[in-house]
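Asks: Listed below are the residues making up each chain.
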Amino acid sequence: DTAVSQTPKYLVTQMGNDKSIKCEQNLGHDTMYWYKQDSKKFLKIMFSYNNKELIINETVPNRFSPKSPDKAHLNLHINSLELGDSAVYFCASTAGRPGGELFFGEGSRLTVL
Amino acid sequence: GQNIDQPTEMTATEGAIVQINCTYQTSGFNGLFWYQQHAGEAPTFLSYNVLDGLEEKGRFSSFLSRSKGYSYLLLKELQMKDSASYLCAVRRFAGNNRKLIWGLGTSLAVNP
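Protein sequence lines, in the order shown, are assigned to chains A and B.
For the first sequence, counting from 1, position 107 maps to 870 in my numbering; every step adds exactly one.
For the second sequence, counting from 1, position 21 maps to 135 in my numbering; every step adds exactly one.
Just so you know, these hints were derived from the structure itself, not from any lab.
Everything numeric in this text was worked out from a predicted model, so none of it was measured.
The beta carbon of each residue, even a glycine, is placed where N, CA and C say it ideally should be.
Warning: the hint list may mix true and false statements.
Computed Cβ-Cβ distance ranges for the label pairs, DEER-style [claimed, not checked]:
| hint | chain 1 | residue 1 | chain 2 | residue 2 | range |
| --- | --- | --- | --- | --- | --- |
| 1 | A | 826 | B | 139 | 17 to 25 Å |
| 2 | A | 876 | B | 155 | 18 to 26 Å |
| 3 | B | 137 | A | 846 | 29 to 37 Å |
| 4 | B | 223 | A | 820 | 36 to 44 Å |
| 5 | B | 121 | A | 828 | 34 to 42 Å |
| 6 | A | 802 | B | 117 | 35 to 43 Å |
| 7 | B | 172 | A | 832 | 35 to 43 Å |
| 8 | A | 846 | B | 117 | 26 to 34 Å |
| 9 | B | 184 | A | 828 | 34 to 42 Å |
| 10 | A | 820 | B | 142 | 14 to 22 Å |
| 11 | A | 846 | B | 155 | 20 to 28 Å |
| 12 | A | 842 | B | 165 | 20 to 28 Å |
| 13 | A | 789 | B | 191 | 49 to 57 Å |
| 14 | B | 142 | A | 772 | 33 to 41 Å |
The following block holds chain B by itself, in its conformation from the complex:
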């Protein structure tokens, strides 16, 4: 079956670095997404990985290892506004369609 695991909650300090892990088990893997969702708002796209390695985008980086079924999102120079839920989502082929399977999200609290 399909399964995505990520920690439920994390806490970090302003200015620090935090790594949010995501492990997955799925067939027909077709890419992994990270989304950010602030309370009461819609998810917004952060990153996409389909090949192994690190993708860097400003303060945010995302890593993928397909053989290990593992990804992480790295947030540097944390700011208070980074307090949000971070959702890992795996895209898989299902018949003729591509479907996104979502994790439950990691709620990150950034403290001063």
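So here's chain A without its partners, still in its complex pose:
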């Protein structure tokens, strides 16, 4: 059983298109995240949801819109894709307790041509 699963794993698309990445966790965690990891391997937080409520919204273009239908799911929709959006997008979840570690999904590698 995969704890945090995200789809698709690979996505190749043209500039200007709209795409979505889905994430689901079966750990019963309250808090979920979207991270972007670029070619320099820097992990940058994008969004965080706690019990379906947006709690962290970093400086991210409004072309990126997260949606959490329930606390086990957090999806990411990207409009008007740009070359600079090419990266690996990781979904993660945590129980939220002080020492609670993040559990990451396998990542979704987005390539914008």
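Go by the hints and put chain B onto chain A.
Replies: Leaving out everything else, chain B in the frame of chain A:
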């Protein structure tokens, strides 16, 4: 502001010991994590320190000094499979939330 520094690359030999350092500057410190990330894979949790001292977990240990803003990850009896990137992350209080600030990672190459 927030800043996390760790060496970009390190090389070590199979069977040896290696220490990866991490220094940080942040307000509202609420714990420090170490994660391991193999190429093409997701980060996985290694250790968590919130109090000063050493936490040992098998071949891996992590140390924290809050007054110095310093942590290290110690890897003993290195194996080839330990070749990976090691990420230091500091959790801090930000308003009502806790946020993780990530270092750029240390890429460790273990040679035979």
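Asks: The structure should be examined with respect to each hint, and the outcome stated for every one.
Replies: Hint by hint, here is what the structure shows:
{"no.": "1", "hint": "A:826 with B:139: 17 to 25 Å", "in the structure": "32 Å, violated"}
{"no.": "2", "hint": "A:876 with B:155: 18 to 26 Å", "in the structure": "24 Å, holds"}
{"no.": "3", "hint": "B:137 with A:846: 29 to 37 Å", "in the structure": "34 Å, holds"}
{"no.": "4", "hint": "B:223 with A:820: 36 to 44 Å", "in the structure": "37 Å, holds"}
{"no.": "5", "hint": "B:121 with A:828: 34 to 42 Å", "in the structure": "37 Å, holds"}
{"no.": "6", "hint": "A:802 with B:117: 35 to 43 Å", "in the structure": "22 Å, violated"}
{"no.": "7", "hint": "B:172 with A:832: 35 to 43 Å", "in the structure": "39 Å, holds"}
{"no.": "8", "hint": "A:846 with B:117: 26 to 34 Å", "in the structure": "29 Å, holds"}
{"no.": "9", "hint": "B:184 with A:828: 34 to 42 Å", "in the structure": "39 Å, holds"}
{"no.": "10", "hint": "A:820 with B:142: 14 to 22 Å", "in the structure": "19 Å, holds"}
{"no.": "11", "hint": "A:846 with B:155: 20 to 28 Å", "in the structure": "25 Å, holds"}
{"no.": "12", "hint": "A:842 with B:165: 20 to 28 Å", "in the structure": "45 Å, violated"}
{"no.": "13", "hint": "A:789 with B:191: 49 to 57 Å", "in the structure": "34 Å, violated"}
{"no.": "14", "hint": "B:142 with A:772: 33 to 41 Å", "in the structure": "36 Å, holds"}
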